[in-house]
Each structure stands twice: as C-alpha cells, then as structure tokens.
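K.L.:
Okay, here's what each chain looks like letter by letter:
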Amino acid sequence: MLQFLIKRLGQSLVLILIVTVITFFLMNLAPGGPASMMRMDATEAEREAIAERLGLNDPVTVRYGKWLGNAVQGDFGPSLSSGEQVIDRIVDRFPYTLQLAAWTVLFSVVIGVVLGIISARNRNTWKDYTINFGSVIGLSVPSFWMAIMLILLFSVQFQLLPSSGTGDDAGFMDRFKSMIMPVIILSTSTLPTIVRFTRSSMLEVASQNYVRTARAKGVKERTVIYSHALRNALIPVISIIGVLIPRLLSGTVIVESVFGWPGMGRLIVEAAQSRDYNLVMGVTVIATILVVFSNFVVDIIYSKVDPRVKNLA
Amino acid sequence: MMLRKVIAVFLLVALILAGCGDQENQGNSSTKPGEVQKGGNVSIPIVGDPIFNPWHPNAYAESNIVNRVLFQGLTKPGLDNSPTANLAKEWSTSDDGLVWTFLLKEGVKWHDGEEFDAEDVAFTFNDLVLNEALGSNGASNYKTLDKVVVVDPYTVEFHLTSPFAALPSYLAFNSEILPAHKFEGVEDPWDYIEFNKENPVGTGPFKFDKYVSGQSLTLKKNDEFHNGAPNLDSVTFKILPDLNTQIAQALSNELDIFVLEDKSSLKRIEQASNLDLVTADITRYFWIAVDQENPKFQDVKVRQAMLHAIDRETIIDTVINGYGTVANAAITPDQKQYFKDDLKTYGFDPEKAKELLKEAGWEDSDGDGILDKDGEKFSFTFDIALQGDMEQIAVLVQQYLKDVGFDVKLNTLEWNAMIQKNIIERDFDMMLNWWSYPSDPDVLAQYHSSNAGKGNNIPGYKNEELDELLEKGQSTSDPDERKVIYDEIQDHMAENLPYIYLWYPQELSVRNSRLSGLPDLHFGGTLHYINEWSVTK
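Each protein sequence line maps, in turn, to chains Z and P. My numbering numbers the first residue of the first sequence as 1 and each following residue consecutively. My numbering numbers the first residue of the second sequence as 314 and each following residue consecutively.
Read the hints as simulated data drawn from the structure, not as lab findings. Remember, it's a predicted structure, so these values are computed and weren't measured experimentally. Quick reminder that beta carbons are idealized off the backbone N, C-alpha and C, glycines included. Watch out, some of these pointers could steer you wrong.
What the hints assert, rightly or not - Pulled a few chain Z residues facing chain P out of the computed Cβ check, cut under 8 Å:
(1) E44
(2) A49
(3) D75
(4) P78
(5) R93
(6) I151
(7) S163
(8) P262
What the hints assert, rightly or not - A few chain Z residues that don't get close to chain P, going by computed Cβ distances all over 10 Å:
(9) A102
(10) S207
(11) I245
To be verified - For lysine-lysine, the following BS3-like pairs were computed, each having C-alpha atoms within a straight-line distance of at most 30 Å:
(12) K533/P with K177/Z
(13) K66/Z with K177/Z
(14) K775/P with K667/P
(15) K775/P with K671/P
(16) K775/P with K785/P
(17) K456/P with K418/P
(18) K66/Z with K734/P
(19) K523/P with K177/Z
(20) K775/P with K456/P
Please work from the sequences and hints to get the whole structure.
P.N.:
As structure tokens, then:
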C-alpha cells in the first residue's frame, strides 16, 4: 500500500509539473498581455512602466523558473489584475465551486442511479425510452441555453428561484434555492453518464448466474435488485465519478458565469481574458491537484468496494 | 412506488418555494403613489470585480461605475455636459493659460471623518498621476500637467507645460481625488489591498459597506455628503458578467438600471411593464482606421470612396436598431456647443465610390471584380476584435467594400490579441473600433501627428494644418474662439477623413420604472447625481 502511495504521489507531481509548463508557456506566448497594458488609450510609456512593475521584461523561461521556485514554497505571487495574493483569491472562490460540485455529484449519483435502475428494469419499455431520450437531450442541449431558459421560467415567469447569487446573506432556504438551478444545469453533464452507466451495468449484472440463482431460490425481486444486483452494478459507477470531476470543473465555467456564482470557474475565465498569468497558473495548479486527488480517492474506494481489485499498483 | 415518492417530495418543495417569493427591492408599500421615497436600495450590475481606486491600471469600466459613487472629482459633468463645480467650487486660469487655480469646497469630509483639503489633490496628482513609474490609468490625459501646488488648505494650482483649456472637463472624467492620509507610508499604491480592494475611503455620496468577490458590493449612504444626504439607503452592485442574466434580473425587479450594449433582447424589454428604455447621447464615435503609412490609403479619394461605398444608415438601422446617427467628424452631438451639423457627408452611393476610385487610378481593368492599379490589386485585411456587434458590422462593411471592387479579407481577433497586433505593433491595413472621451472637443490625442505611430493617432494621419488647429484649440479657453477653431477642425475631418467615420451611437439604458430623480444624462453622467436618485412605489 505504502509503495503504491509513493508511486502515485510521484506520478502526480510529474503530471502537475507538466501541466504547469504547458500552461505557463501557452499563456505567456499567446498574443497580448495583462489587461492593464492592453487598454486602447494607454501610451507606450504607460505600458513599459506596467511591464516593468509586473516583471514581464525577463525572458519567459526565467519567469517560469522564478514562478516555480516560489510556487513550490506555496507562494503563487500576486494577481496581476488586483494585486491580491493569488492564493487568497482562490481561497475566497474555491468553497463556492466545491459546494456546487459536491451537490451536483450527490444529486447526479442519487438521481442517476435511481433512473438507471428504472431504465434497466424496464428495458425497451416507454420508461426506458423516456429516460434515454432525456439523457440524450441533457447531454446535447448547450448548458448556457438551458440555464437561460430555466432563469426565464423559474426566475422571471414564476419568480420562484433567484436568477443569480448564492443567497449567503439569507437563511438556509435562500441558499438552497440559489443552488437549485446551477446544480440542475451542472448535472446535465454528469447525470446522463451515470444513468447510462448504471443501466448497462445493471443489465450486465442481471444476466449473471448469482442473480439467476437468487431468483431461482425465490428471493423477492426487490431483494434481488437491491441486495444482489445493485451492489455489484454500482462498482463501475464509482469509477466513472472520477472521470466526471474534470467535466464538472469545466462545466462550472459556464454555470458560474450565467448564475453569477462566485466560484473558480469564473475566476479562470476572468484570469485568462485579462492575461493574469499568476492567477491562471494558481487556478490551474489547484484544479490539477483536485482532479488528481479525486481520481486517487476513487481508486481507493474502488479497491475497498471491489475485493477482486487486490493489487492496486 | 419510489418514483411517486420522489415526485411528491419535488411538489412539496415547489409549493414551499412558491410561498417564498423574492421580497428584495420592493420598497415600502405604505408610501403614496408618486411620492418620493426616502430609503430603499438600488441594484446596478457590473461585469467584474471592481478596484476601489480610479487611477489603478486595472480599473476598467466596472470600477469606473463604482468609483464615481465612492469618490468625487474636483469637477463633474453638468446637466449640459460641461464641467460644473464639485469638490472645487470655482476655478480660473492665468492669462497665459499655464496656471489653473481651483478653490476647494470647505468642510468636505472623507468617509473616515478626516477633512478633505488641498493636500489630497496634490497627493493624487503629484504622487500618483505624475509618477511615471506607476503607469496610472488615465495619466496620458494629463500630459501637459507639470505639478499641482498647494497654495493654502483650500486652494490648489495646476501648473501646466502648455495651455490646456479642457482641464476642467478632464477633471470630471474618472479623475477622482484620493485621501492622502490613507496612503501615508504606502510603498506601492497599486498593491495597497487594504484600500484598493477591502476598505476604500472616499468623499462620495455612498460609502463602503460589504464586498463579496465575484458576487456583490454594497455601499451605504453617507449622511455627511457635501452635496446633501442621498435619498437612498444603499446601492448594491451585483457582479453579473452575463447579459442574459442581467436582463432576466431586470425583468424580475432584481436590477434597477444598466446600459444595454447588446440590442438583441430589445423586444423582450420593450414588452416589460416594469422597465423603461431611455436613450441618451454620449461622447463616443465608431470609426474605421486605414493604415495611412500604406500608399494605397493615402489618397483621400480612396477614403472618400470607401465611405460612399458603406451604407451606414442600413448598418445603424439593422445592427444597432437605429440607436445612432451617421458621423462625419470626431466632435459628438452631445457637445451641443461645438457640434457642427452641416458638415460634408458621404451618402451611400456605390457609383460615386467607383468614380472617385477611378479618379485615384483604381479600376477593375481585367474584369475579375477587383480593383487594380499598375498591375497591383487593391487587396487588404480588415482586423476585427470579438466585441459586441463589431463582427457583425465588419461583415457588412466587408460586403459593401467588395461590391465596389475592394478585395477585403476579415481577420477576427480576441480583444487582447487585437490590441497587441493593431495598437501596440501598429500592424494592420484596416481596423474598426471606437473612441470615448471626456465631453470636450479637444481630440488632439487621437489626431496630432506627434501621436502617430505610437500614441492614440491610430491611422497615423499627419497633417500640419490640422496639427496647428488642434494646438490652437487646446490652448484657447474662450468658448466663442474655440467654437470657430473646432468648426474648422470638423470641416477638415469631414473633408480629409483622417478616420473613416461611421456613427455616433446613442446609449440605451434599461431602467426600472420605480426609479426617479435621475437627471437627463447618459448612465455614467447620472451616477454623478446618485444622491438625488430615489425609488418610488
């Protein structure tokens, strides 16, 4: 186990390093520069003064070296657009994205597994077709469009849900209401996958000998499904959650912009648009760590749930 | 069975939510109809996190809106757009125009209770604006400023290197004064987070209350505001980058006022009974710049032909829904005192365009539909930034120019990349953009030969006669004399087309009908009078 952990840690560090190299050079070699230098009416002297202040006159390799040296000590430097420490900006925003992502995973798994079971148990009936159709729609309709439609319906027409914000100042009910639409939209990228995975996994398990044996013994259908089939069918579903985490993070970019949600997704867009190099790097590193870590956790859970997976390495 | 339970739970939640309608912004129901209400909150959207320092290099449009409410300038735009008293109660200029004396209002308090005085003005300009190493936002507007001298606690002198008649107008334009006492001992004013991001201290009608990055900023009323306590209790700036969300929030009474940059949702807003659409003239004009270092564009007949080839009226009607008028020069119609409305204009006339091109030697001699001269085709690239309606406009312009024989290729760039290529490297044949400037006809920065190549003279137009007129206009304070000079300047512009003028856009703002007390100005101008705003029920 220890050997496995060390190996995974080593792999993760190399991966993070590669991601930082690619991101740093892509960002710095892209045309343009920090937004403060890119004003229409800024003069050459103003641009030079700002470049000097931001330390942009060094060659890009030197700047990467400096950045890396500081980053390994936990210092991501100041945000080029506001002067605040990058880590502070991330700490401000990260909990909001985490909150959104956690609720989305929970919502997707609970609803997705239920719908997947219904779909599998009613294979090739109208229920199955309806759920499948819904999954395809969920995956194919652009999320920003669906988000606007939900806002028009629930915020403008019925005035039931707030169209933006987190409801932080208000009570639990307002916070809950603020979360409903963002979670639904974010789930459109994860829920259909879980539904389809659960469905195919259930169908596969249902044809296994032990399920047939259970039925032959006269066990109640309910017990067959929930005690025998589902437990085994869920194992591959766990692995898919690891794959969905990066998809969730990219989904937050749109959802957070439309619903005015102050999370990391919006932060990275703002950072990239304004060429806030330090902030882009900070958010990228944190997002990479998050993805690596969540996959790692999924692997561990997988090994615990499925006794067949003994040799983790 | 389980499905039924799930549905039942959802229905229950929906019922609970239905009983929790949004009460925000609904005012006091006991107020009689039409009565001005004291108190209440107004919500305004901004597209990003603001910086509470108007001179910070990263203070963009969203910061300007907020800073106009938190801080005060020496002057502000009057109801006729000309500068009027604010922190300065009156001003005068020396005979040679090189020294401006401003008498400051006494008894004005900063939000922390300290008194505002001349030291604050001197600090703002001498230590921030004139410190070249800082690259202050807008410092280029004060190129002629040498120093600010404190005469006594309530008198300051602006010493200039050359006369600058537009100084009071520029002081009303994103040039708010900062508190010297808060910046004492601060090494780098741009890294002074405690002020710039966390706890700003201004002299404005509203003071800092609460800020959540990425979400909202709340300001509360300043009872000691020097122009009278505001009617409203608070102003909330909601950080909403998405226009559709802004519109949805306006429809559901969660937002009160904002500028509608994208007109595609106009119909939906027109149908809403709770919203008014208000138009206003602004100091802005759209233009096309052609590289005047390139011999192809140096002949004025080519530029005139281009303007005859473009159907500006149709573009205005279709792309910006009629909210604009054809432009012939740089002085905008909101500057009523200086705007000349009988300038030479260029109607849509492709035949005339072809005639002018023929006179300039450009003809389609080989019948391939493209103009040529001495074996060279009239081919060029039209750079365009992805911003608002600009791409749509560029496609139409490209088609109009193709129709008279120009071979135009569109090159779409992200905004930041466009600035790098077109503005910094001056690498373009043709580009489309706009200028906004303080409400004063002094446009020397965008036209003078000394600003060609590097400064704001984007097309690189050089003309001694225009230079002389611009310098004269800049140094003349007398309005009647200035009027004569700027008439000549506008005639020159319309005839020679340093830029290819497109239109003067009108600003369209969406306002909740409960909002009152706003002066008849564009949105940015009304913010200077936010202490007079109120909400009625």
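K.L.:
For every hint, state whether the structure bears it out.
P.N.:
Tested hints:
1. E44: It holds, given that the least Cβ distance between E44/Z and chain P is near 5 Å, below 8 Å.
2. A49: holds, 3 Å
3. D75: Given a least distance of 15 Å, the restraint on D75/Z is violated.
4. P78: holds, 7 Å
5. R93: At about 6 Å, which falls below the 8 Å cut-off, the nearest Cβ of chain P leaves the hint on R93/Z intact, so it holds.
6. I151: Since chain P brings a Cβ to about 4 Å from I151/Z, closer than 8 Å, the hint holds.
7. S163: S163/Z check passes; min Cβ-Cβ to chain P is 5 Å, inside 8 Å.
8. P262: At about 3 Å, which falls below the 8 Å cut-off, the nearest Cβ of chain P leaves the hint on P262/Z intact, so it holds.
9. A102: Its Cβ never comes within 10 Å of chain P, the nearest being 18 Å, so this holds.
10. S207: Non-interface label on S207/Z holds, nearest chain P Cβ at 23 Å vs cutoff 10 Å.
11. I245: holds, 22 Å
12. K533/P with K177/Z: holds, 27 Å
13. K66/Z with K177/Z: With Cα atoms ~45 Å apart, K66/Z and K177/Z exceed 30 Å; violated.
14. K775/P with K667/P: At roughly 26 Å apart (the allowed maximum being 30 Å), K667/P and K775/P satisfy the hint.
15. K775/P with K671/P: holds, 25 Å
16. K775/P with K785/P: holds, 16 Å
17. K456/P with K418/P: The given pair, whose Cα atoms are some 26 Å apart, holds under the 30 Å limit.
18. K66/Z with K734/P: holds, 28 Å
19. K523/P with K177/Z: holds, 22 Å
20. K775/P with K456/P: holds, 20 Å
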